[in-house]
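**Q** Chains as they are written, first to last, in UniProt numbering: chain A, 1 to 334; chain B, 1 to 330.
Among the clues, some could well be false.
Not everything, but these chain A residues come out facing chain B in the computed CB check (under 8 Å) [as the list claims (entries may be wrong)]:
| hint | residue |
| --- | --- |
| 1 | R234 |
| 2 | H250 |
| 3 | L252 |
Once the Cα atoms are required to be at most 35 Å apart in a straight line, the calculated DSBU-like pairs of lysine-lysine come out as [stated by the list, open to error]:
| hint | chain 1 | residue 1 | chain 2 | residue 2 |
| --- | --- | --- | --- | --- |
| 4 | B | K61 | A | K325 |
| 5 | A | K253 | B | K81 |
| 6 | B | K294 | A | K123 |
| 7 | B | K113 | A | K325 |
| 8 | B | K81 | A | K123 |
| 9 | A | K123 | B | K19 |
| 10 | B | K127 | A | K253 |
| 11 | B | K285 | A | K253 |
| 12 | A | K253 | B | K204 |
| 13 | B | K204 | A | K123 |
| 14 | A | K123 | B | K127 |
| 15 | A | K325 | B | K294 |
Sample of chain A residues with no beta-carbon within 12 Å of chain B, all distances over it, derived [what the hints assert, rightly or not]:
| hint | residue |
| --- | --- |
| 16 | K42 |
| 17 | L48 |
| 18 | P60 |
| 19 | T74 |
| 20 | K84 |
| 21 | P96 |
| 22 | L187 |
| 23 | L189 |
| 24 | N229 |
| 25 | Q230 |
| 26 | Y232 |
| 27 | T235 |
| 28 | S243 |
| 29 | Q249 |
The set of hints was computed from the structure by calculation and includes no laboratory data.
Quantities reported herein were computed from a predicted structural model and do not represent experimental measurements.
Glycine included, every Cβ here is placed at the ideal spot set by N, Cα and C.
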Amino acid sequence: MVSYIVRRFLMTIPVLLGVSILAFSLIHMIPGDPARSMLGSKANEEQLMQLREELRLNDPYIAQYGSFLGDLTTGDLGTSVKSKEPVAEELQNRLPATVELSLFAMLLATVIGVLAGVIAAVKQYSWFDNLSMTGALLGVSIPIFWLGLMMIWLFSVKLQWLPASGRLSTGTELETITNFFLLDSILTLNWEAFSDAFVHLLMPGIALGTIPMAIIARMTRSSMLEVMNQDYIRTADAKGLASYLVVFQHALKNAFLPVLTVIGLQFGFLLGGAVLTETIFSWPGVGRYVLQSILGRDYPVVQGTILVIAIMFVFVNLLTDIMYKFIDPRISFD
Amino acid sequence: MEQEPILSVSNLHTQFHTKSGIVKAVDGVSFDIRPGETLGIVGESGSGKSITAMSIMRLIKDPGKIAKGDIMFKGESLLSKSNREMRAIRGDRISMVFQDPMTSLNPVFTVEKQMVETIRAHRNVSKKQAVDRAVELLDLVGIPSARSRLKSYPHEFSGGMRQRVMIALALSCDPEVLIADEPTTALDVTIQAQILELLQRLQKELGMAIIMITHDLGVVAEVCERVMVMYAGKPVEFAHVHELFDHPKHPYTWGLIGSIPKIVKEKVRLEPIQGLPPDLRALPKGCSFAPRCKHAMDQCLEVDPALLEESDNHHVRCLLYEEKEKVVTS
Ligand SMILES: Nc1ncnc2c1ncn2[C@@H]1O[C@H](COP(=O)(O)OP(=O)(O)OP(=O)(O)O)[C@@H](O)[C@H]1O
Ligand code: SF4
Ligand SMILES: [Mg+2]
Chain A
1 MVSYIVRRFL
11 MTIPVLLGVS
21 ILAFSLIHMI
31 PGDPARSMLG
41 SKANEEQLMQ
51 LREELRLNDP
61 YIAQYGSFLG
71 DLTTGDLGTS
81 VKSKEPVAEE
91 LQNRLPATVE
101 LSLFAMLLAT
111 VIGVLAGVIA
121 AVKQYSWFDN
131 LSMTGALLGV
141 SIPIFWLGLM
151 MIWLFSVKLQ
161 WLPASGRLST
171 GTELETITNF
181 FLLDSILTLN
191 WEAFSDAFVH
201 LLMPGIALGT
211 IPMAIIARMT
221 RSSMLEVMNQ
231 DYIRTADAKG
241 LASYLVVFQH
251 ALKNAFLPVL
261 TVIGLQFGFL
271 LGGAVLTETI
281 FSWPGVGRYV
291 LQSILGRDYP
301 VVQGTILVIA
311 IMFVFVNLLT
321 DIMYKFIDPR
331 ISFD
Chain B
1 MEQEPILSVS
11 NLHTQFHTKS
21 GIVKAVDGVS
31 FDIRPGETLG
41 IVGESGSGKS
51 ITAMSIMRLI
61 KDPGKIAKGD
71 IMFKGESLLS
81 KSNREMRAIR
91 GDRISMVFQD
101 PMTSLNPVFT
111 VEKQMVETIR
121 AHRNVSKKQA
131 VDRAVELLDL
141 VGIPSARSRL
151 KSYPHEFSGG
161 MRQRVMIALA
171 LSCDPEVLIA
181 DEPTTALDVT
191 IQAQILELLQ
201 RLQKELGMAI
211 IMITHDLGVV
221 AEVCERVMVM
231 YAGKPVEFAH
241 VHELFDHPKH
251 PYTWGLIGSI
261 PKIVKEKVRL
271 EPIQGLPPDL
281 RALPKGCSFA
291 PRCKHAMDQC
301 LEVDPALLEE
311 SDNHHVRCLL
321 YEEKEKVVTS
């Protein structure tokens, strides 16, 4: 097992190199002069020269890539053209916000999706099955911004139950350690901040989690239906096991493998796809940051952010693979 | 003096209500089995053997249901038991071994977990006691170095060993009735013989009744005392095993016996029964076997024969044996 993890880990190195090449080439894929495109038409020749110098655009590609990689290994993701702030510093604050939101959305999606899928499969063609699968069908096709705006209108404007934006209410104090607010409030035993951070997570979490929840529910249902017909389920029944053991242990553990793949993929997409949700709910995360920098043609920021998101995607995949192994003993260790 | 039957099935009808009609998978099956006895159920694929077994276990799932008849176990009707009472019986008093040991064990759990959970579902014992019992059972079914094999997953065993694990699992709680549904069909010949021998040895040691389901008359000849031959959901012949082989009475049984490869003077004779079993949703009027029967008479297409006692303890469902005048008048 350990050797498998190590090997699988090493296998990510070429992938990461590929990702870094892609992120690096981004700036060179812009048609025309990258410096002019970033600074706009009003910039004079001197400013352009200076930016080219800063971004080392005059060096040969290989040398540029070399120094790009060299910077990466020291944790330098470049510097924003607009704010002149280092990208790494900005991400340090924003990445935890996005990851916290994505984790919360994924947890919601997984727990509810799997539960609904299992019940729908066990009670196939029941009202619950029909209702939840219709819901799931709607769920995958619902536009996030519409759902987000409707929730804000209902729960924030009309009912005034939930906050519409941000991670904490103004006035709530929280000493940040990891920048994961739920975690930080637990670490500092600050329950007021915990519940405040939690209610701020609810609506963006639901908005972001709806599509994966729907996909997970459908995947769980079809996977469970298949597994429930397997001979070993008949054996489990014939042994006189309680139904909940048959369903939630014997069937679900087998049915979970394809679901796990979906969860891993969806989680990767969430990390990158939080742009809309973060914009609607003014969530100070990576998504909004990258959107702003794309609109503002702040390419070093786009480069650095994409790189980080891609790296997280790779590691979520790695984690999924390792979990796969824990669940299914038949997968060989080679 | 004969003992009381431990299990009696009477006039069992199990049907599947499908979109294209009612499938009469089991259509009037009756038999008794006594402690220590081995009863064989034979018949072609689709004749209702497994559904009979699953009905006894009350494991028939939608859209199937037991439409008629009764199943008495130690004097109590299994059909009137609650789901909870039935769960307490399954795997404890009546247990089952299935055909395909490759797929009948859960691939993602160790053998230990699968055995221990069965024992603890029925016995109030500690984890450690259950593990000890599991080791004892694996020993009993002849799995070498039992204690260390407990931690293995099913895919780490060969087919024959896996079937031994299945048998150990079925024996966890000293069942009084063991239903073996084609326990050797998926195994190769030498392993088949070993498994049958094992079952016979265990039966002698533990005294349980065995219902041996098979489509292999060779298996029947080897292990069974009495045999029920099924065709299209109905028993067509029921007799002691020697009587059945020496004096088969039903044309379908003739066909079955004819279809065992017989090596007579180096000449292999193989006579499969021509034709296919009937559609269980639309059984022909008269005898179900008539379309394939070489001895069919006119009235076979009109009259559905009853299962009658032709000679001592030898029952047959065929118009050839019904009294002439009865056939003519009906
Ligand atoms: N879920 C179901 N829906 C409809 N018909 C079914 C269903 N399950 C079984 N049957 C029908 O019941 C009949 C009897 O099936 P059964 O499994 O008892 O046959 P069998 O004698 O055990 O055959 P085999 O030797 O192939 O195991 C078959 O014709 C089958 O088509
Ligand atoms: S009743 Fe007629 S058709 Fe049926 S088995 Fe006997 S002879 Fe053949
Ligand atoms: Mg069968």
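**Q** Each hint: holds or not?
**A** Going through the hints against the structure:
Nearest Cβ of chain B to the Cβ of R234(A): about 7 Å, under the 8 Å cut. The hint holds. Because the beta carbon of H250(A) sits about 5 Å from the nearest beta carbon in chain B, less than 8 Å, this interface hint is met. At a threshold of 8 Å, the smallest CB-CB gap from L252(A) to chain B is about 10 Å, leaving the interface hint violated. For the suggested pair K61(B) and K325(A), the alpha carbons sit about 33 Å apart, so the restraint of at most 35 Å is met.
A C-alpha spacing of about 30 Å is found between K253(A) and K81(B), which places the hinted pair at or below 35 Å, so the restraint holds. A C-alpha spacing of about 48 Å is found between K294(B) and K123(A), which places the hinted pair above 35 Å, so the restraint is violated. At roughly 18 Å between alpha-carbon atoms, K113(B) and K325(A) fall within 35 Å of each other, so this suggested pair holds. Restraint check for K81(B) and K123(A): the C-alpha separation of about 22 Å stays at or below 35 Å, so the hint holds.
A threshold of 35 Å between alpha carbons decides the hint, and for K123(A) with K19(B) the separation of about 19 Å falls inside it, so the pair holds. Among the hinted pairs, K127(B) with K253(A) is consistent with the structure: their alpha-carbon atoms are about 22 Å apart, no more than 35 Å. In summary, the hint linking K285(B) to K253(A) is not supported, as the alpha carbons are separated by about 48 Å, beyond the 35 Å threshold. Restraint check: the Cα-Cα separation between K253(A) and K204(B) comes to about 38 Å, which exceeds 35 Å; the hinted pair is violated.
Restraint check for K204(B) and K123(A): not satisfied, since their Cα atoms lie roughly 43 Å apart, outside the 35 Å limit. Among the hinted pairs, K123(A) with K127(B) is consistent with the structure: their alpha-carbon atoms are about 33 Å apart, no more than 35 Å. Taking the CA atoms of K325(A) and K294(B), the gap is near 58 Å; set against the 35 Å cutoff, the hint is violated. In this structure K42(A) is separated from chain B by more than 12 Å, as the shortest Cβ-Cβ distance comes to about 64 Å.
Its beta-carbon lying about 62 Å from the closest one in chain B, L48(A) satisfies the requirement of being farther than 12 Å from that chain. Every beta carbon of chain B lies more than 12 Å from that of P60(A), the smallest distance being close to 54 Å; the non-interface claim holds. Residue placement check: T74(A) keeps its beta carbon more than 12 Å from all beta carbons of chain B (closest about 44 Å). Listed as outside the interface, K84(A) is consistent with that label: its C-beta sits roughly 54 Å from the nearest C-beta of chain B, beyond the 12 Å cut-off.
Every Cβ of chain B is farther than 12 Å from the Cβ of P96(A); the closest lies at roughly 35 Å, confirming the non-interface assignment. No Cβ of chain B comes within 12 Å of the Cβ of L187(A); the nearest lies about 36 Å off, and the non-interface call holds. At roughly 38 Å, the least C-beta separation between L189(A) and chain B is larger than 12 Å, which holds for a residue marked as non-interface. In this structure N229(A) is not separated from chain B by more than 12 Å, as the shortest Cβ-Cβ distance comes to only about 9 Å.
At the 12 Å boundary, the C-beta of Q230(A) falls inside the reach of chain B, the nearest C-beta of that chain being 7 Å off. The beta carbon of Y232(A) is not kept farther than 12 Å from every beta carbon of chain B, the shortest such distance being approximately 4 Å. Non-interface call for T235(A) relative to chain B: violated, since the shortest CB-CB distance, roughly 5 Å, does not exceed 12 Å. The claim that S243(A) is not at the interface with chain B is violated, since a C-beta of that chain comes within 12 Å of its own (minimum 8 Å).
Consistency note on Q249(A): stated as away from chain B, yet its beta-carbon is not over 12 Å from all of that chain's, at 8 Å minimum.
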